[in-house]
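Relying on the hints, combine the two individually framed chains into one complex.
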Amino acid sequence: MKLALLITAHCNAGCTHCSTSCGPHRSEHLSREQIFRLIDEAAELNGSEKLRVLLSGGEPFLAFDLLLDVVRHARDKRAIVTCVTNAYWATSIEKARDLLRQLKAAGLRSFAISTSRFHQQFIKRQRVERALQASRDVGLRCTLKYVRVRDDSLDERGVRSWATSAGAHDVQDFPLLPHLRAGASAPESSYIRDAGVPTGTCPGAILTVREDGRAFTCCTPGAFTTLLQVGHATRDSLRDVNARFHVGGVQQILRRKGPGEFLEAIRARAQAHRLRSSYASVCDLCTHIAADPVLGAIATEVADAFEVRQVSALVESAITVTC
Amino acid sequence: MSLTIAEHTELLGRIASDRQFRSLLLTSPRKAACELGITLSESEEGQILSGLRAIHRDGTDRLPSDAQTAPFLFSVLLTHDDAGDEDEDPPKGSERRRPH
Numbered sequence: 127m128k129l130a131l132l133i134t135a136h137c138n139a140g141c142t143h144c145s146t147s148c149g150p151h152r153s154e155h156l157s158r159e160q161i162f163r164l165i166d167e168a169a170e171l172n173g174s175e176k177l178r179v180l181l182s183g184g185e186p187f188l189a190f191d192l193l194l195d196v197v198r199h200a201r202d203k204r205a206i207v208t209c210v211t212n213a214y215w216a217t218s219i220e221k222a223r224d225l226l227r228q229l230k231a232a233g234l235r236s237f238a239i240s241t242s243r244f245h246q247q248f249i250k251r252q253r254v255e256r257a258l259q260a261s262r263d264v265g266l267r268c269t270l271k272y273v274r275v276r277d278d279s280l281d282e283r284g285v286r287s288w289a290t291s292a293g294a295h296d297v298q299d300f301p302l303l304p305h306l307r308a309g310a311s312a313p314e315s316s317y318i319r320d321a322g323v324p325t326g327t328c329p330g331a332i333l334t335v336r337e338d339g340r341a342f343t344c345c346t347p348g349a350f351t352t353l354l355q356v357g358h359a360t361r362d363s364l365r366d367v368n369a370r371f372h373v374g375g376v377q378q379i380l381r382r383k384g385p386g387e388f389l390e391a392i393r394a395r396a397q398a399h400r401l402r403s404s405y406a407s408v409c410d411l412c413t414h415i416a417a418d419p420v421l422g423a424i425a426t427e428v429a430d431a432f433e434v435r436q437v438s439a440l441v442e443s444a445i446t447v448t449c
Numbered sequence: 152m153s154l155t156i157a158e159h160t161e162l163l164g165r166i167a168s169d170r171q172f173r174s175l176l177l178t179s180p181r182k183a184a185c186e187l188g189i190t191l192s193e194s195e196e197g198q199i200l201s202g203l204r205a206i207h208r209d210g211t212d213r214l215p216s217d218a219q220t221a222p223f224l225f226s227v228l229l230t231h232d233d234a235g236d237e238d239e240d241p242p243k244g245s246e247r248r249r250p251h
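Chains as they are written, first to last, in my numbering: chain A, 127 to 449; chain B, 152 to 251.
Extracted from the complex, chain B is given alone in its bound form (with noise of 0.2 Å):
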């Protein structure tokens, strides 16, 4: 459905002004969007959910695979991914101090 200028106002200005809230609407945009009285549609949520998707998939692609740049206890559970061959010799350079 399409939002009257006063509901793309409010639901802007309610964007702009409340973090629970866009917090809501980066989990559940129906759910958020029926807070102010306007229902989506299900290709609007679509859409939005699909945004939101490539921002999950961007976060994820950042996440690091090298555990010589990890920090603390992430670089643990890198070491360790491929652990399987206990006579595995320690991976190259693992004497280098990393951040935290």
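Looking at chain A on its own, in the form it has when it is part of the complex (with noise of 0.2 Å):
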């Protein structure tokens, strides 16, 4: 199983493309309680198998003491643990290295730091370079995960050359997605796109569980939608939450064939201009859907209609009928 928990909604940036909104003036998390279940109920659900368990925000290191015992405790689970952070902690070399070699103690595994032109606004790219830096001398793997707009002083390359030098050990490179900050906004000029409708199925879910609890099926900006939406994880058992994940007729037909199933009954019900021309990826297509109240629907309606002939054929196969 692979679960990401963004244990708190607090950070000390408040980046325009950031679709939760995460800021200083949050404050909603999960508890310590709540995590520490979460986790316990995933490695039970989870068996023999290999637990990876991803924890971002918000910026996780706004509460070093907590992510130090989440860590821990994920580890005495046997659990792959990772982490996301803006690398705002990293004001001198020996701080950032101290705070690593702690992390790394406690079982984590490898982290990623996360920036961009927004992120820039309020974490320093020095800071970025002193944690890729530490990161090296403590041994402990670090990605960069890098947001780009269509303008961006580096292109991939450039992006590519600055954090390995930095001491990076893998690059990812992300377009923008217009899924911003509540009432921020960014000219369609930012944008990368391709034109048309992309083909291909989701590449990737993760039951990812927010601050407050719900639980979607993806995390990736304009995922957290009513569409994507599996459960309640701390109000639902995490295995009902795990159930739908895995057998919900929207996550369904995402992995079997993707947002562009739900391109017919769109066309259908006379609401293709709802549609762009052009999409970054499959997953913008599949956020666009999702966060548009009227092509929203119409995908509930078609998973809706999957998942009732699947469960209907489920039952009459199991069930017998006299007269």
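Don't read these hints as lab results, they were simulated from the structure. Quick caveat: nothing in here was measured; it's all calculated off a predicted structure. A few of these clues could be false.
A short, non-exhaustive set of chain B residues, derived as facing chain A with CB atoms under 7 Å [unchecked claim]:
#1 Leu154
#2 His159
#3 Ala167
#4 Leu176
#5 Leu177
#6 Thr178
#7 Ile199
#8 Gly202
#9 Ile206
#10 His207
Beta carbons: idealized from backbone N, C-alpha and C, even for Gly.
Printed below as a string of structure tokens:
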């Protein structure tokens, strides 16, 4: 099982592109008990398979002692645990090494630094570079995640060259998606898109639990919508949430056919004008459908019909009817 | 046990109209049937659960194992799955742009 826990909405940055509007004004978080319970349940559900836990936020380093405890707990449950940070804490190379050594000793397997033009309005590039250097120094793998806009000062090669020379083990480059902080906007020219509607299946669902306990099938910006919600992990058991994650109609359609499966119904209901003429990826199409109330409702209808057919067939095959 | 036509119709009707009922059926078939006053036998429940497990397996098999095509946070998990060798070079092609 792969479980992402967005443990807090609190963040010391307020990036324009943050689809969950995290920031200094936000305080919602999963409690220590809730986090431990989710990890325990996930470990139990997972049986002998490798459990992978990703901790993110908000900024998880702002509650460093909790982060350490959670990493230790996940390690004790034999999980592979990673986290994502903005690297604000790398105020000196010594401090950065110290924090990473503590996390490594607690069992953190690796981590990622998220940066972009938007992040750098709050967190200077120098801190990211220090954190990358410290990760090399203490032997903890670090990936640099970069959110790109069309007129970025660095092209993909430039980002890679900068990040690897600073110490990154890996670089991941993501186009900006149009699910920004509440009230924020970005010029259309910011988006990197290809003409047409992308085809393909869901490239990577991950059971994601947000700071308020709501659980989703994905953690991509724009995915936190009713269409992609699979339950509430702090009210329901993780077993039930995980079952819907695997056998829910929406989830099955996305994995088997992809979001393109909803297009026929969208066109049949004369709602194709709500689609864009270009997309960054299949995830961009999926979250566009999920975020639009009309398209989302059509997708729900299609998924419900699929689910009804499948569940009815299952039941029909198991029971006998007498006249 | 076998269902009467009326029970069968009611069950299918509820499946068609009630998402929560379907969810319950997907996790606890016997509990769901019980809501309609229907008692499923062990073998009936076993058969439904076995079908569910097949769907579950299929869903799991369809989850990607390739970090290059995985979205935002997921790719971190995949990239770091086998982390351990600090001096290992970055995976080839890791600079490629991928979906969010």
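Status of each hint after checking the structure:
no.	hint	in the structure
1	Leu154	holds (5 Å)
2	His159	holds (5 Å)
3	Ala167	holds (5 Å)
4	Leu176	holds (6 Å)
5	Leu177	holds (5 Å)
6	Thr178	holds (5 Å)
7	Ile199	holds (5 Å)
8	Gly202	holds (4 Å)
9	Ile206	holds (5 Å)
10	His207	holds (5 Å)
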